[in-house]
Each structure stands twice: as C-alpha cells, then as structure tokens.
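S.K.: Okay, here's what each chain looks like letter by letter:
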Amino acid sequence: MNLSDIQRIAEEENEFQRAYKYRINVCCSSGCIPFGAFKVLKAFEDAVKELGVENICKVARTGCVGTCSIGPAVLVDPGEYLYQCVTPENVREIVQGHIVSGVPVTKYLYNNSGYFRKQRRLVLRNAGKIDPTRVQDYISVGGYFALAKCLSTMTPQGVIQEITNSGLRGRGGAGFSVGQKWGLVARAHNTPKYIVANLDEGDPGIFANRTLAEADPHAIIEGMIIASYAIDAQKGYIYIRSEYPLAIEALQKAIAQAKSMNLLGDNILGTQHKFDLELRFGAGAFVAGEETAILMSVEGRRAQPRPRPPYPANQGLWGKPTLIQNVETLANVPLIILNGGTWFKGFGLPNCTGTKCFSLTGNINNPGLIEVPMGITLREIVYDIGGGIPSGKKFKAVLVGGPSGGCLPESVLDAQIDYDSLKRVGAIMGSGGIVVLNEDSCMVDTARYFTDFCIEESCGKCTPCRAGLARVKDIFDKIATGEGELNDVDILEKVSEYIINASLCGLGQTAPNPILTTLRYFREEYIEHIVDKKCRAGICFKKEHKGDE
Amino acid sequence: MTTEDIRRAQLERVLKKNNYQKSALLEILHSAQEIYGYLDQNLLVDIAGSLNLPPSHVYGVVTFYSYFKMRKPGQHIVTACLGTACYVKGVKQIIEAIEEEFNLKVGGSTADGKLSLSLTRCIGACAMAPAVVLDDQVIGKATKEIVIERIRNVLAGERDESV
Ligand SMILES: Cc1cc2nc3c(=O)[nH]c(=O)nc-3n(C[C@H](O)[C@H](O)[C@H](O)COP(=O)(O)O)c2cc1C
Ligand code: SF4
Ligand code: FES
Ligand code: FES
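Chains as they are written, first to last, in the numbering used here: chain A, 4 to 552; chain B, 65 to 227.
Simulated from the structure, these hints should not be mistaken for laboratory data.
Bear in mind that the values here come from a model prediction, so they are computed numbers and not experimental data.
Be a bit skeptical, because a hint or two may be false.
With a straight-line cut-off of 30 angstroms between C-alpha atoms, the simulated DSS-like cross-links for lysine-lysine are [unchecked claim]:
no., chain 1, residue 1, chain 2, residue 2
1, A, K476, B, K169
2, A, K481, B, K156
3, A, K545, B, K156
4, A, K256, B, K133
5, B, K86, A, K262
Next up, chain B with everything else stripped away, as it sits in the complex (with noise of 0.2 angstroms):
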C-alpha cells in the first residue's frame, strides 16, 4: 500500500465512523487535515463526494474556517499569535524580525520550502505573550532574539538529519 492508499483508507473509516452524515462535515474535515496534513481541492471534491453534498459547499466551509489550510505547508511551520494579548506586548516585531532573518513573509514560505510563517488569533497562552508556536512548541514569553534563535536551530537540525 502507497501512503496515499494508507491515508485514504484513514479517510474512508474516518467517514464511516461519522455515517457518512452531512452534519459532520466539520469534524470529517478535521481528520482529514490531520491525516492529510492539509486539505487541497482534489481531497475536498472527494469528500463533497463521500456526503453527497455539492462540492461548492464544502468548499464554502472550508475557506469559511481559518483553522483549514488548503495549501502545502512548509517543513516547519512559525506561527505567531497576534491575539491581543501578544499584540499589546509587540509581537509584531518579533513577525517583522522574522520575516527579514528568513526572508520571506507571512503566510508564505522560505524560497526552499523549509519554513513557513503564519499567524493565528489566541492560542490561549496569554499569560506569557507574546506566544509563538515552532512546529508544535509554544515559545512564550517570547522575544526575537529566542524566537530566531531556536528557528535556526530546528533549520540546521533538518539540515543534519538528511545528511
């Protein structure tokens, strides 16, 4: 089995597990992203299939919702909260720091595709904003010198393992 026909049949039970009901779109397009990673059109036409809903529909959802990413994302992902707490303690400097050490900018990737920069609204870490998320650690309290600085780290430790 490819890991395409392993993610399908993930899909396909995930379907099931819900009946394959119209009201469960949402927790369905959940799984999908976490089995998927992402959820590109072909993925959603498919699904829009599986419920018998029309696929403008699901799309509809989708994009409705920013926790849906509908595009590949870099290897590893920065995302900088920009609640209101880490704004009122400047986290847009950190992004802007950001963006000019790896040059590239938010909501895009590094020209290599290591690394990709998005925002989100609250992680629910408020007591230390400013917050920003590497992968899936929470750096808080966060400044941009740290911030950079273990970048650079999770960069280079990549770097090493495909050596």
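Extracted from the complex, chain A is given alone in its bound form (with noise of 0.2 angstroms):
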C-alpha cells in the first residue's frame, strides 16, 4: 500500500457510491440502538429490496448524527432530510415517497434547523455520513490522505510545526498545546516512546468521546499514526472504558482493518515507518483518565496518580518518553495536515481554534452530540442549539466540565467557550459535557452530589483530598438534613481553598469547583436551606436515601 493505493481505493468507492442516488444513513450508536436501530436498518434493507430500489438506493449503517434524543434518527442523502424516531412500521412508507416517489416524507421528518445552525462539525464531519465499519468509506472522504502526505512530503519536524501553527490545544481538560507537547515527546532522548489515546471518558453524563469512536475510528487511529510519525513512537494503546463495548468494537474493527491494510504495523504505507496499536480497557475509576493514572492502568496496576515531575513526556509508560492526548485531540490532526494550521485557525478564537465537541443533556430541549466553534457563548448553546427548556419550566443553571467543573446560572450565560473565559466565571472546559438545569433541582444537592461522586472516586493517596472531602460530606449531610449552621458556608469556603491547592493531582484539585460556584452564584440557597430549613426544589430534608454502593 502506498499513496497512490489509497487515491485508488477513493476513486473506486466514490465511484461505486456515485452509483447510488440515494444514501439512507441509518444511525447505528449507543443512542440510537436501544430504540431499534439495528431493526430500522434491517427494515430499510428489506424495504429497498422490496420496492425494486436497491440499486439506487444504498442503505449505510452509521454513527451518530447528533440528535441522539430522536433517535432511530435516519439521515437520506441528497439533501440531508432527517427522519425522526423511525420504526420499523413507517420505513416502507419513507422508501416508497422519498426515494420511489422522490417526495420526501415531512411528517416524520425532524424540522429544526436551528440545532445545526449554529453547529461547526470539524471532528464530527464524518459522523452520521459514513460506515464506520468499512475502511474504504474512510477513505472516500479523504481518510488517511493525511497520513500519506505526512509520511511522503513532511518530516517529523515539519508535522510538529504544522500542528503548532494551528494553535490546537488539548480537548481532554487543560487546553496545552498540542504542538508543544509534541515537540517535548519528540526532543525526548529516551526509546522507545509511547501514544496513549485517552477516551477514558470518565465523567459521567457525557458522551461526546464515545460517540466519535462509534462514529468515526480511523480519525482517531489516523491522528495517532500520525502523532506516531512526528514523535517517533513505535507503540500505542487506546485506554478506553470497558462500559462502551460498541466504541471497543468499532475500533477494534478498525485496527484490524488498518493493519491489513499496512496503515499500521511495520513498514507503514511502504515507508520505513512503524507502529502498532492496541486497546486498553478501564474499568470505571474517573481518577485513571488522570494522565499519570492511565499510565498505571495501562501497565496493568491500580490507577493512582502520582506527583508530577517527572511528566509523562520524558517518563511514561514503563519509564519512557508517552505522549498523552485525548481522542478528540487526536481527530482533529488529520484534518490540519490536510488544509494546513491557518486554515483551522480560522474556526473559533485566535487563542484557542478550533471547535468542540459537547454532549449537551439534562433539561433541555433538544439533548444531543454537538460541535461549536470556540467562542460560542453559553447561551447560544442553551438556546439556539438546545431548543431551552422544556415544560416551561425555568432555566436554572448549566454544569459545565463535568463533576470537576461550575455550576453557572443565567447571569454568566454570556460567556464565551474557550478555556480562559470558563475558568474565570469558575468552570473548566474538561473532556465535554453540558448539563441543563431546570428549577426543579437544588444547587445544594447538586453540589452535594458532585462531592459524593468525587469522594467515591478519590484513589486516597493524598490527604486533602481525601480528608477533605469527607469534611466537606458531614457538612453537605448536615446541611441537607436540617442541622446546617450559618458558619458551614464559610468552613465549605476554606476547606475547597485547602483541597483546591494542596491536592497532589486534578481531581482534588478541581473537586471543590462545584462547592465554589454554587456558593458563588446560589449562596441563598444555602442560606435558605441553612436558616430557612427550606429546600426551595423540594429535594432536601426527604428521608436519607443511602444510594450509593
């Protein structure tokens, strides 16, 4: 393989594809599958073939179009009309008027144009439009082109470079320059040097990694091959949870495809390149996504996190030079090779490019994978694309980053995302989620929550963090059953501060974010639950309910 294979392959799948004037994209992911995905498709195949329509119609099963709350969602090419929560009973009716008659069907059609309006899928633009089990639809749309222009026009240093002049920073949490830390893994002396792909994902409540790699693996896998070239990097591993046995299966697929096709293993595309690649499962513990922790997980140990110096990029795995970086990350890369660094600097900020993705869910009308360019504001998110809330409820806050993150209400909407100006209103970007709260929940138990969490998934090791959360449980448990005192809010206060800056790692140091915003922004609350012994959601003061395991 080589090149000019590659531009072959292309060639003869566009042109077998172009045979088609129809393309029913029938999305097949996590969403999608427990409403009947598999039997929707199954139902279109049948249905073309009964209607005398196969060929020209093909029928592709897909990943996730992003309005995973409608789901079966079915996307019919030309024209991207989206059919919502199909069933196997109206798929006849969809073939014989949109692709026999040539009438679409509107009434099961999905009309919203403002969910995808405001939308930038970079990363996700292959996401609902191509099999993410055939290699070959990959390439149809310029999969591993970049690999090839890498490996035949560019050295390490020039991918580095290109990377760099993007200005692409991590999508997993702190927002580093990916360029940079590629050029630090690189100038390492040590061999041999590792990639780990971090699709831990370990927040919970969001699904933004797990999607891509349903949706489109060999992004995820080219990147890497990719960052493998310009590191100089022999092995990989793809440390990804155990809980997302389609996203295993789609890139286990796709690994297989790829050394079969020598896009992995030695000699890479007839280059002196090689690289070999394997998956690494986690087991549901939030603190191994940590960058020191996967380390551990990977070579096989308990995922605790350990302080830093060294980094991963001089000692990682086994002591070597690793270079660490989330999957979306990695997904973008292919596409800068492609169109070049000032190209993708024309999508968000000049100080943070690019797009994002978020699962956006919770009270909210249209929940769903989404794609924003950097710089969007919170409320173009909550509204324009989420649709608001529903029930006519009211807005109340929005979480963003997950369990490390704030709790933002209506006043700080305007906010832009990019990693400085969530950081100042109290947030993190971290690796994708956006939860919407309605009036029914309680910012106290909210936070209360997010502690239980990070209490249950703190590894121990570090006192503050430990001991800290436990002080700040009695005082959440005290305060969520009538006994709170005035001063708790401010020992809350200090005790995050001391959390915040003497925990060895992220997860203590970003557990009080919650604590912080909700006192910043709903301290009445408290006060009311505190003097008042008034839960205002009618969630506090119930007979304790001991959930957890």
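Since each chain sits alone in its own frame, please combine them into the complex, following the hints.
M.R.: Laid out in structure tokens, this is it:
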C-alpha cells in the first residue's frame, strides 16, 4: 500500500457510491440502538429490495447524527433529510415516498434547523455520514490522505510545526498546546516512545468521546499514526472504558482493517515508519483518566496518580517518554495536516482555535451530541442549539465540565466557550459535557451529588483530597438534614480552598469547583437550607437515601 | 467435562493468549468476569498465582475498579444510571420506587435471589436520560411505571420457564 493505492481505493469507492442516487444513513450508535436502530436498518434493507430501488439507493449503517434524543435517527442524502423516531413500521412508507416517488415524507422529518445552524462539524465531519465499519468509507472522504501526505512529503518536525501553527489545544481538560507537547516528547532522548489515547471519559453523563469513536474510529487512529510519526513512537494504546462495548468493537475492527491495509504495523505505506496499536480497557475509575494514573492502568496496576514532574513526556509508560492525548484532540490532526494550520485558525478564537464537541443533556429540549466553534456563548448553546428548557420550566443553571466543573447561572450565560473564559466564571472545559438544570434542581443537592462522586472516585492517596472531601461531605449531610449552621458556609469555602491548593492531582484540585460555584452564584439557597430549613426544589430534608454502593 | 472445567479451560486460554503477562491483568480480569459472571476470591487467588503476582495486588486492582463484581448477582439485574444527566432527570425517584416495589436495597438482591439492584455512573445514553438497564436491555427516558412493569415482566417470564 502507498499513496496511489489509497487514491485508487478512494476513487473506486466514490465511483461505487455515485452509482446510487440516494443514500440512507441509519444511525446505529449507542443513543439509537436501545430504540431499535438495528431493526430499522434491517427494515430499510428489506424495503429497498421489496420496492425495487436497491440499485439507486444505498442503505448504510452509520454513527451518531447528533440528534440522539429523537432516535432512531435516519439521514437521507442528497439533501440531508433527517427522519426522527423511525420505527420498522414506517420504513416502507419513507422508502415509497422519498425514494420511489422522490418526495420526502414530511410528517416524519425532524424539523429543527436551529439545532445545526450554529454548529461547526469538523471533528464530527463524518459522523452519521460514513459506515464506521468500512475503512473504504473513511478513505472515500479523504481518510488516510493526511497520513500519506505526512509520510511522503513532510518531516516529523514539519508535522509538529504544522500542528503548533494551528494553535490546537488539548480537548481532554487542561488545554495544553498540542504542538508543544509533541515537541517535548520528540526531543526526549529515551527510547522507545509511546502514545496513549485517552478515551476514559469517566465524567458521568458525558458521551462525546464515546460517540466520536463509534462514528469515526479511523479518524482517531489516523491522528495517532500521524502523532507516532511526528514523535517517533512505535507503540500506542487506546485506553477506553469497558462500559463502551460498541466503541470498543468499532475501534477493534478499525485497527484490524488498518493492520490488514498496512496502515499500521511495519513499513507503513511502504516507508520505514512502524507503529503498532492496542486497546487497553478501563474499569470504571474516574481518576484513571488523569494522565499519570492512566499510565499505571495501562501497565495493569491500580490507577493512582503520582506527582509530576517527572512528566509523562519524559517518563511515562515503563519510564519511557509518552504522549498522552485525548481522542478528540487526535481526531483534529488529520484535518489540520490536510488543510493546514492556517486554515484551522479560521475557526474559533485567536488564542483558542477550532471547535469543541459537547454532549448536551439534562433538562433541555434538544439533547444530543454537538460541535461548536470555540467562542460561542453558553446562551447560544442552551437556547439556539438546545432549544431552551422544556415544559415551561425556568432555567436554573448549566453544569460545564463534569464533576469538577462549575454550576453557572443565568447571569454568566454570555460567557464564551474557551479555556480562559470558562475558568474565569469558575468552570472548566473538561472533556466535553454540558448539563442543563431547571428549577426542579436544588443547587445544594447538586454540589453534594458531585462531592459524593468525587469522594467515591478519590484514590485516597493524599490527605487533602481524602480527608478534606470527607469533611465537606459531613457538612453537606448536616445542611441537607436541617442541622446546618451559618458558619458552615465559610467552612465549606475554606476547606474547598485547602483541597484545591494542597491536592496531588487534578481530581482533588478541581473537585471543589461545584461547591465554590454554587456558593458564588446560589448562596441564597444554602442560606435558605440553613436558616429557613427550606429546599425550594423540594429535594432535601426527605428521608435519607443511602443509594451508593 | 463439568461447567467448571470448561470455564477453567476458557480462562486458561485467555491467560495463554496474554502470555501470562502481569501487565495484561486488567484484560484477564475482564475476560474472567465474562466467563464466570463475577470474580470470587478463590478465582482471584488462582489468577494471581498464574501471573505470579501477590493475591493482595490482584485484590487491590479488583476492588479499585467499580466495574468488577465480587458477589454473585441475582438472576436478573437492574442497574440504574446515577450519572449526572440521569440524576438531574430524577433517576433517584425511580431507584426508590424499585426498592419499595421489590423490597430490596441498592447493592443487594431480593430474598429469593431473583433480582438484584445496582447503580452505575453513566452508560453513555445520556440524551435519553434517565436510563435504566434491565439485564442487557437499556430502558431510555425511563419512568418508574415503565421500569417496574418491565421488571415484573422479566420476573414473570422467568417463572414461566421454570414451570
Ligand atoms: C480526574 C481526572 C480525570 C480525567 N479524565 C480524562 C478523561 O476522561 N479523558 C481525557 O481525555 N482526559 C482526562 N483528563 C485529563 C488528562 O489528565 C490529560 O490531561 C489529557 O488526557 C491530555 O490530553 P489532551 O492534551 O489531548 O487534552 C482527566 C484529568 C483528571 C485530573
Ligand atoms: S487528589 Fe485525590 S485522586 Fe488525586 S491523588 Fe490525591 S487522593 Fe488521589
Ligand atoms: S446516537 Fe443516534 S443520533 Fe446520536
Ligand atoms: S448519565 Fe445516565 S446514561 Fe449518561
């Protein structure tokens, strides 16, 4: 295999696809499968045969279209007609109308142009459009061209330069410059070098990374191979939660295909470069996503963070230089190589380029998987894309950044999505979750919920995190059962500061964010609980539910 | 061959496939849980022996990751998602209703061992929160009425089979 082989495959595949006038993309991703996506897929395959249109209409299994709350979702091209809540029973009618008679069946169409209008799908460029189980599909839309370009026309330094120039920053949390990180690992002297792709996504209620892997696994793999060339690594691991069977299957299949086509292994595309890739499975520990803990876990040990330095870039897996990168970060890489860093800078903000994927959930009209340009405001996400709050309820808060993020009120909804603006209002970018709360949520209870989560997930290695969070929990228990005192609010603040400043890893350093933001923006609810013994959402002061295992 | 022998052979294959490497411990534990349904203490001691690891190490790893189960589950398992998206959409009320209706507690089973209730943190179906998993079926946009009815149905189906 070499560049011309890839071009040939792309041409053949495109020719094959051009023979069809229509293409029916059935989302068979995690959000739609429980609603019968596979049955719908089968029904379409049968219907096009029965109605004699199988020669002009291709039925394809794809990943997430983005509208995960109206599944099974089906996208018909040309024209991107999106059908919602499709059942095997109405499939025949859709094929008869749309394909046989050429008239879209409006009564089943999803009518919500607002949902997509402010989105910019770069990372999700192929999601819902290609069959993730066929490497030919990926190649037909330009897949592996970036890899071929790197290997045939660019030096490793040139690749790093292009990525640096794009301004791409890590999408898994801290937003560190990707080009700089690659440079660090490339310059490290020790060999061999490793790459770990982070698909742990341990934040509960977030599915952006998972859905990306299900929809376009080759984009992640191509990004990794390019990175391996840039930093001269020969072995990589994708660290993925075992609760993600479909994503695991998609990646496993994609790795096998890439191997069989000589895109992985020795002499990649006929060059000297070699790179091998394996999956490693996480097992439900949030802290395992932290970069030093992930290394322990890949080595088969308990995922406990360790102090940095040494940084993984110098001493990572088995003490060797290791590049750790979030999978969304990696999926940006092929695009930047193909179109150039300057092109990429055309999206987003000058100091925060490109886009960000979020899973948008909670009490919102249009939950789903979205991708927005950096710099968009929270208000645009909640109201223009999310369609606002259902059932006439009032907006209360938006949680950005998962259990270590912030709970933000109406008054800061004009904050922009970028690392620094989010930090200013008390939240973090996190790996990509936005959860909307309405007036039925209690902010004290919400902060308490996240604290419980962090306590359970704390690895217990350092005292500030372990004992500090336990202290916080006691206070929350007091407040929620009507025993709170006014100075508890001050104690919460002080202990939170202590945990942030003294903890060893990012878990402890960010765990108090929900407490501090609720104290900052919803202080009156704490006071109501303590003084009036009143929970305006009617959640606290009930019989105590000791739910957790 | 007894079921136990077959399982043992399966596990042996997994160990072999992984070259008895210590670093493959997590993969091996995953497979072992698939084969046995859960990981009891004897099994862990066996695995530790095969990998030449102290049992305490294996034990530490298993208890660290919530995915691993060390107890024999009920014949049907209902797992409620306590991830953020499901929490803000009221999964707590559903959990309480299940506990009340079937007289069991989170982390436990009914007296006859037919049903157990556990919690998980996000199964990735957050856009259809609240989500509850009954055996291998995800129930999206769950309400307590729907979940209780579905549980009743699987319990009833089970009774029919044994008749
Ligand atoms: C407690 C904790 C959990 C984390 N979980 C994840 C995760 O699930 N996915 C992820 O990509 N990064 C996670 N991170 C961030 C990683 O440590 C690391 O910064 C990131 O994977 C680097 O990749 P990036 O530069 O591409 O963002 C977590 C950090 C902490 C402190
Ligand atoms: S901050 Fe918490 S999770 Fe991180 S090392 Fe310390 S105890 Fe473990
Ligand atoms: S999972 Fe089907 S549209 Fe998102
Ligand atoms: S939070 Fe329940 S499925 Fe994600």
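S.K.: Indicate, hint by hint, whether the structure satisfies it.
M.R.: Now for the hints, and whether the structure bears them out:
1. A:K476 with B:K169: OK: A:K476 and B:K169 at ~22 angstroms, within 30 angstroms.
2. A:K481 with B:K156: Status holds; Cα separation ~20 angstroms.
3. A:K545 with B:K156: holds (12 angstroms)
4. A:K256 with B:K133: holds (28 angstroms)
5. B:K86 with A:K262: holds (26 angstroms)
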